[in-house]
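Position chain B relative to chain A; hints supplied.
In order, the protein sequences belong to chains A and B. At position 163 of the first sequence the residue is numbered 163 (my numbering), and the sequence of numbers has no breaks. At position 207 of the second sequence the residue is numbered 207 (my numbering), and the sequence of numbers has no breaks.
Hints are computed from structural coordinates only; laboratory data are not their basis. Do not take every clue at face value.
Said to hold, decoys possible - To be clear about the criterion: a stretch of chain A counts as covered by chain B if any three or more of its residues have a C-beta under 8 Å from a C-beta of chain B, and this derived list gives those stretches:
id, region
1, 124–131
2, 159–172
What the hints assert, rightly or not - Sample of chain B residues at the chain A side, in silico, Cβ under 8 Å:
id, residue
3, N79
4, E84
5, D85
6, K87
7, S118
8, P121
9, L122
This structure is a prediction, so every number in the text was calculated from the model and none was measured. By construction, the Cβ of each residue, glycine as well, lies at the ideal position given by its N, Cα and C atoms.
2 protein chains.
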Amino acid sequence: MRYVFLISFDGTHFSGSQRQPQCRTVQSVLEDAAQKVFGVPVKIAFSGRTDAGVHAAGQVVHLDGETSIPAEKLREAFNRLLPEDLKVLESIAAPDGFDCTCSARRKTYCYRFYTAASTLPLLERYAVRVEGRVDLARMREAAALLVGEHDFAAFRATGSSAKTTVRTVFSVTVDSTPVYGANLYEVRVTGNGFLYNMVRIIAGELYAVGCGRASCADIEQALKTGDRTLLFRTMPAKGLTLEHVEFDVPLFGAQGENDGIF
Amino acid sequence: MRYVFLISFDGTHFSGSQRQPQCRTVQSVLEDAAQKVFGVPVKIAFSGRTDAGVHAAGQVVHLDGETSIPAEKLREAFNRLLPEDLKVLESIAAPDGFDCTCSARRKTYCYRFYTAASTLPLLERYAVRVEGRVDLARMREAAALLVGEHDFAAFRATGSSAKTTVRTVFSVTVDSTPVYGANLYEVRVTGNGFLYNMVRIIAGELYAVGCGRASCADIEQALKTGDRTLLFRTMPAKGLTLEHVEFDVPLFGAQGENDGIF
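With the rest of the complex left out, here is chain A (with noise of 0.2 Å):
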């Protein structure tokens, strides 16, 4: 029997979502929840990797094994062996033939960063101060040259082994909330896939043309070229957060729709 279940967790205190040895990742101490449950080891897939730090809001993972408990009963049988920072939010029994790493459709993240003066220590665990002052309407205009298929190669960190560097990006979003005295701006970024660290490249850039330090001609060049030099540094892993997953079809109810921290 095979069990799909959204899950939400703070990357704060987490290596990452992939198991490693000596290390508290999402998978290990969900892998060791899910020992107890089922009384035997149980392998738990994601539908894709997070980095160390990097916050979940809606990561969908799926599971095979045998137990008398009701599909639905499973979030709570596991949420009272897992800690405050990891949580499942919903579980039950995958459609035929689902493999969350295999059938995901759309991601959807959400990178953010502020601009104060000072460190505001309530936003600090979820966004990240950058410096300056940044121009929406910049930053929007650059965003949209991100949007549809695209060859991302400049997008993605050195080392990374993809087999291709093609994406489809369905829609970039940047939007401003004035918080505690500080501007936050939330990028909001929607494709069929992403290349190790392409969000956090893409939030960078945006800043920097937002801020001046780069142009939307820089951004097109970087598309053309896959010249990961003509873009501004990968944006620290805590500012991003994993909002929403999709399928072919729709798995989870309200809960899977993301409105948004702030």
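Chain B only, in chain A's frame:
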């Protein structure tokens, strides 16, 4: 020379604001930094105490000392020494006769709780999950009863030693925002002063009314009799944020205006 600081802190890892032996408190961390900046021990005075776990978006403190550093630059001098969870947002020379303890005229606190089937790791740091469904209109009706000058004796924790339990509440608002599939409720209270745990008791009672476990009549009765046992339990500290302290004269610019984190 007296200086006034606007400070913010994430209360999670502080044992409250006031210095205590062997504890990490806001006062002790600030005074350690102050001693390095001024070269002599410096006492920090707060506009009021906050409990362990309570956050502050805009607390106001003052201190007396002599330094050649311009008042506006003290912010940076302190922030270089302060940890990520406690920062100075603004530093100015105090107006004549200013005392942040005696001169505070209005304080605004926000209490956050949310309804969701599971604990949401990304909300848990600054909000508390509550059971059941709550009715916003009922909470607002109950909130209106608290506005005005009342004897809030029923709305304080036992063991508190305030001379008078009469306080003026200028406003109580209750708002609801959809966040990550949950409903997040923000109870925002502005008053001329607060008794020990008063906002946390108000938030608990409004929740109780919202979910049908208490009624407006209970609040009226509690205001009349001063009987704490008529009211719901005190809500946990982590949902509480001191947003704003106001004085006879406005001290700080836009950063003093808090728009709420969500």
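* Any hints this thing doesn't respect? Which numbers, in order? -> Hint 2 alone not satisfied by this model.
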